[in-house]
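Protein chains: 6
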Amino acid sequence: MDTLDHPAREALPIGHAVWQAVRADAVRVAAQEETLTAFLHETVLAHDRFADALWALLVRKLACRIMPAERLGRPVADAMADDPAIVASAAADLAAILARDPAADSALTPFLYFKGFHALQWHRIAHWLWGKGRHDLAHFLQSRVSEAFAVDIHPAVPVGRGVFIDHGTGVVIGETAVIGNDVSILQNVTLGGTGKEHGDRHPKVKDGVLLAAGAKVLGNITLGARSKIGAGSVVLKDVPPCATVAGVPAKVVGWCRDDAAPALTMDMSLQQADYSI
Amino acid sequence: MDTLDHPAREALPIGHAVWQAVRADAVRVAAQEETLTAFLHETVLAHDRFADALWALLVRKLACRIMPAERLGRPVADAMADDPAIVASAAADLAAILARDPAADSALTPFLYFKGFHALQWHRIAHWLWGKGRHDLAHFLQSRVSEAFAVDIHPAVPVGRGVFIDHGTGVVIGETAVIGNDVSILQNVTLGGTGKEHGDRHPKVKDGVLLAAGAKVLGNITLGARSKIGAGSVVLKDVPPCATVAGVPAKVVGWCRDDAAPALTMDMSLQQADYSI
Amino acid sequence: MDTLDHPAREALPIGHAVWQAVRADAVRVAAQEETLTAFLHETVLAHDRFADALWALLVRKLACRIMPAERLGRPVADAMADDPAIVASAAADLAAILARDPAADSALTPFLYFKGFHALQWHRIAHWLWGKGRHDLAHFLQSRVSEAFAVDIHPAVPVGRGVFIDHGTGVVIGETAVIGNDVSILQNVTLGGTGKEHGDRHPKVKDGVLLAAGAKVLGNITLGARSKIGAGSVVLKDVPPCATVAGVPAKVVGWCRDDAAPALTMDMSLQQADYSI
Amino acid sequence: MDTLDHPAREALPIGHAVWQAVRADAVRVAAQEETLTAFLHETVLAHDRFADALWALLVRKLACRIMPAERLGRPVADAMADDPAIVASAAADLAAILARDPAADSALTPFLYFKGFHALQWHRIAHWLWGKGRHDLAHFLQSRVSEAFAVDIHPAVPVGRGVFIDHGTGVVIGETAVIGNDVSILQNVTLGGTGKEHGDRHPKVKDGVLLAAGAKVLGNITLGARSKIGAGSVVLKDVPPCATVAGVPAKVVGWCRDDAAPALTMDMSLQQADYSI
Amino acid sequence: MDTLDHPAREALPIGHAVWQAVRADAVRVAAQEETLTAFLHETVLAHDRFADALWALLVRKLACRIMPAERLGRPVADAMADDPAIVASAAADLAAILARDPAADSALTPFLYFKGFHALQWHRIAHWLWGKGRHDLAHFLQSRVSEAFAVDIHPAVPVGRGVFIDHGTGVVIGETAVIGNDVSILQNVTLGGTGKEHGDRHPKVKDGVLLAAGAKVLGNITLGARSKIGAGSVVLKDVPPCATVAGVPAKVVGWCRDDAAPALTMDMSLQQADYSI
Amino acid sequence: MDTLDHPAREALPIGHAVWQAVRADAVRVAAQEETLTAFLHETVLAHDRFADALWALLVRKLACRIMPAERLGRPVADAMADDPAIVASAAADLAAILARDPAADSALTPFLYFKGFHALQWHRIAHWLWGKGRHDLAHFLQSRVSEAFAVDIHPAVPVGRGVFIDHGTGVVIGETAVIGNDVSILQNVTLGGTGKEHGDRHPKVKDGVLLAAGAKVLGNITLGARSKIGAGSVVLKDVPPCATVAGVPAKVVGWCRDDAAPALTMDMSLQQADYSI
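Here the protein sequences line up with chains A, B, C, D, E and F, keeping their order.
Numbering follows the UniProt record's numbering, in which position 56 of the first sequence is assigned residue number 56; successive positions increment by one, without gaps.
Numbering follows the UniProt record's numbering, in which position 217 of the second sequence is assigned residue number 217; successive positions increment by one, without gaps.
Numbering follows the UniProt record's numbering, in which position 139 of the third sequence is assigned residue number 139; successive positions increment by one, without gaps.
Numbering follows the UniProt record's numbering, in which position 40 of the fourth sequence is assigned residue number 40; successive positions increment by one, without gaps.
Numbering follows the UniProt record's numbering, in which position 26 of the fifth sequence is assigned residue number 26; successive positions increment by one, without gaps.
Numbering follows the UniProt record's numbering, in which position 180 of the sixth sequence is assigned residue number 180; successive positions increment by one, without gaps.
Among the clues, some could well be false.
You can't tell identical chains apart in this list, so a pair holds if it fits in one copy or across any two.
[As the list claims (entries may be wrong)] Below, computed lysine to aspartate or glutamate pairings styled on DMTMM-like, alpha-carbon distance capped at 20 Å:
no.: 1; residue 1: Lys132; residue 2: Glu34
no.: 2; residue 1: Lys61; residue 2: Glu147
no.: 3; residue 1: Lys251; residue 2: Asp83
no.: 4; residue 1: Lys132; residue 2: Glu33
no.: 5; residue 1: Lys132; residue 2: Asp25
If you are wondering where the hints come from, they were derived from the structure by calculation, not from laboratory data.
Looking at chain A on its own, in the form it has when it is part of the complex:
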């Protein structure tokens, strides 16, 4: 149960800063809200390191009768021990949510309560298994994540750091998609295939892209860096970097104005005239 003790003894453990923030919030809340005290001890205060707490959180979320915690925990521990980028990316994701979401009023909230965060961290484990050729266990995890969080990401998909899946329900990402760094994805977004071939058939999402609620992006196309995909859009062609697209089918309706990537500001607004009623 303690395998997570090995890495990074010498230096500060991965995710140290964000974990200190989560723990500080938990200390405060455990004292104020008695209903949550035992829960917070188990989920946060019992763990000195982010990696330990993340491991326990993930296992607790998906363990079930037919895949109990003692069995489910092993591949998670193996993945975290083998690839430190898994825990580091999780810490970056958590920091990203805190920076972007006005509703995340404490570091505790996204760690414990955002199912998009939970789904993405499980995906990182499944993706590690996929890379090791353990496709069947990876599919098992994909399936449990889809049941538990309504987020369905194929385990083959590489996902960058600082990614925020907000709300999560209905998100579907297909086998040959690629997700860059600093991307924000809202509920009911589909990154789908066109079904025409068995090869490379899903979107490539570059750094800093914002995919607003309900956007459907289909086929082996590229969403350029810092582009913004409007809510409810259907995107069937490449989107240039920095462009804002909207509509069914989506057209360019604007461009990013300054240095801030739309994924970081979470600005869902669409500037073009055509978008006034």
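Given chain A, put chains B, C, D, E and F in place with the hints provided.
Here is chains B, C, D, E and F on its own, set in the frame of chain A:
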């Protein structure tokens, strides 16, 4: 376990009429369908009053290993005892479903089986907690509701009476949104922010509005009373009272013709010529 | 516990071929992936016949404290014994997924892991109950399926063979809808009513139709055989056979070019010029 | 789930009379004691026949995460279908308890609440498995019974009809013991081996024997018909029929006076002068 | 969930002193032993009053699938509210254990860990139900206590204050027994009937009696105040006050020498010469 | 989850021989008895080393809602890593059972099914905690073991190797007792204190002692090496080495005749004339 015994001893208890209808259906079904008999005794027939049954239903739906029934039940009981409008609104919601949904063929069905109803009643508890400054427990409940029912409503959102969330999957409602009375909301509706600022940034939905499946409404805009938002629409500007809007971005395509609010008739049709193929 | 032993003793049992393929995959994976070995024994290797394994899978997926396996299993067994088409349709659905989905790399994967498949097979049980006049138990099952898989199909809906509900999250199908054979339905598709009347008010989907992600089809209209409904479309009028429609509201943007139904190729592409950005 | 439907369709089912008594009590109690209503529906009122209810009771009592109801129920159903004496003996045991125990004030009480009864019926299943050469599953059941009820009977032991294990805690019965008909066994009774050899090394208990609390009977000796073994006795030699023995080591202290076997009257008294303080 | 709030608001709540001791120990241990922190918050630290904590402890210990916490908790709350002697006796029992048991090194230990204590407090609830004529629910509880703790006390038995059931396994106490104050009962003690009649047929245990391990006391006899029943004894006749009895059958082997009742000193020794090997 | 990987990598792991025997039996049974296949994979076949399997077995046996596997497993892993004698003693215990018990017909049976074995191995963990000053967690484990297996051993008690607790129900061993090597203890044996003082007050059991069913041994006395304590005896004074004692109070009735310790032959017979009826 019995705190719910206090209010309204002298008069008929809140929700008396609708509860008598639910119980009568349960008596009939318990005699006909043996597979459900024990279930109906536990969920309906054991309870003389609507408030007791609602309390037990809510606790049963969200209790889990890490937040067992005996702990989870307490804030629900506290909220119901403190604010009788919670139970009264739930009774009004149930009556609204019976009046609006052709598929709700018995009073039993929505009470026991409609996860949109369950999610909304839990939201009323979370919103009460939010009002008391207990934000952390409110977020805990929001998170469990999102996992269990795929409905994600920020606990700060005030919601009126007679509201019907139909099917529920994928509904997301942001922090500064406001929902009036007699509103109907279908699956995959988003009432989202534009992300530009941390202040008031979500829609205000007036009385009698119908939000059809998959509608995305973004920003601090107002949906006027008795307006109808077409399925799959993306709404970025205020909608006048009584207007029907549709499209991406949404435009006015019609007006309500008579006294009945579209939320009450659940009429999803769109009258304008442009909406013929 | 053994009711499933009666039918088809003399000939090969229903679903024999697909079950042999599933078992062969399970044997291979059980030897390779220790984490899954016990799980595969319980779910696949313990069962000689597809019907037995399907029964056990369905019961395991929905059993809960208030409806334990020993009670829930009975109507499933009754339905399967009474109507052999239930198991046969499940086998056809499984074969259809294997033929259509590039990501289903083994016969095991969709059987164990595709929640759209699980939801559809439960729907077949609920629909059998509905036909027997056991509406209350049917609604119970609809509700549990909606909670567990985020797929909400009214039990009155007849569904053909070879149907593939891919990913499943957010799919809603209303009371008077009809689904033909060889149909493919993606996530967040709504087949909704217009709410104007209590009678026949939902879409009729003919054989071979493909409904891409997020499509909303509303009212008592017909989607002609082999038509394709583009992602994010809102369809309010009949669609001719072989047509491809897209947009909000949806318009015809193409026609099927050859013999293959779009539901079988899963080709989500839209050919018309208007669909270039 | 329905295998129990086959035997005895034409005549009254096995255990009909005692089951009618249990059901009548359950109807009365379900109306009086709301806390038990759902429980009684699940355990008694849902079942028309004794065999069905017994099957469900046994499975519910021992099912656990690692041996869920759907797997555990199969051998029970097989045993009951193969050997009607199992259910018939259970009915005789239940009738025996009602005749003998002053504290069994309703037919419902021993069926639902006497763990000695539950343990014995599970033993009958384990013994059937043992006879079929399925020793490993029999040992599994012996172990679960010992954990759940603190009654430890080796599955090789044949047990007659009308046997009453009262209270049950601490009862241990070794591999080569034999138990006749109409025997009563109280808590903490041991029928042990002397350990000298691997062959026949445990007691043979004839019809109508009463074994009072804490009696230890060791070795391949015979307890004659209608003998009485005093509380706390240690018996190392054969006991003649009709004798009452007591003490450490046990000596004959009396003889049965009339026709009633001590096991039937449950008379624990010891008549000899030596037994006055 | 909050019914326990009513009694004794004005004065110190029942069990205040012992509860302060338990809480103080829990605060200390929660800080030292991380594995127990969440457990101690749920079981002790979340409760200001002994009655609340006792209620939660009892419900948690016996709740199960078929009798969930929300249903089981109600009669416990009713009993505690109706008869304050239940909580007061529990507090006296706890204080008694602390005074008598050298191994109870903190107030926390018997409250949380002594199953004899848990069984006795559940018995007090069952006895209250028995007195209200709710015999069936009382038998249900007796049965669950026997399964969970291997302690089997008929619910009709009145039990005094300051009673200590040490270890508990195998204790059986029959229907017409009576237990006084300040009694100590060790494992495997039987207070049995002689089975001769249906009326008054079990022992009467006066104040201050010590029943050592494995003692069997049979019939409607009286164990005089401050008597001591030696381990493994079989007692068939009245025992005079202050006497020490031992043997099979038990004989007087000594008398209490000073004011201390043997139940309070827990002195199991036997003074007579006959008891030297 | 993998902490158990550290010790003894270079040589054969502890318990290698007995584990190979257990695994071989499991392979055979998993192929023969389908009902047990998944169970055997989880409990035996998934583990290459005895230590891993023992860890998983112990955690699975005692994990519960309030102390889930992920928390309970940690001190077990810590103890096993810190003191290799724990696993080695368990292996010796298992070998001892196989040598002594005629009913243990495969190496699998005692490992999986003997609750005396399970209780003793948990005691070894609790005793390690006691030695580290973690008395509270040790008491927690003692309590859970007493509930789950009806075996109650104070965590302060040192226990030797090759110890066999047969059947286990009702065994109680007090705080200052000491158990040597190669001891056999049957059901309902008490090693109790006389309660006179708080210091050293429980029996010292030397190597090779056999304690037959229901024996009560009280006070700070010594049971000499290779002595035999007859069933139902009450022992209050020292027992010489090699002596057989029996009776209430116990007297010497024989002496061991050859080299074999009675604990190894499990010979419960008593040779003296006085022990003929």
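- Checking against the hints above, which ones are violated? Hint 3 is the one this structure does not satisfy, whereas the remaining hints hold.
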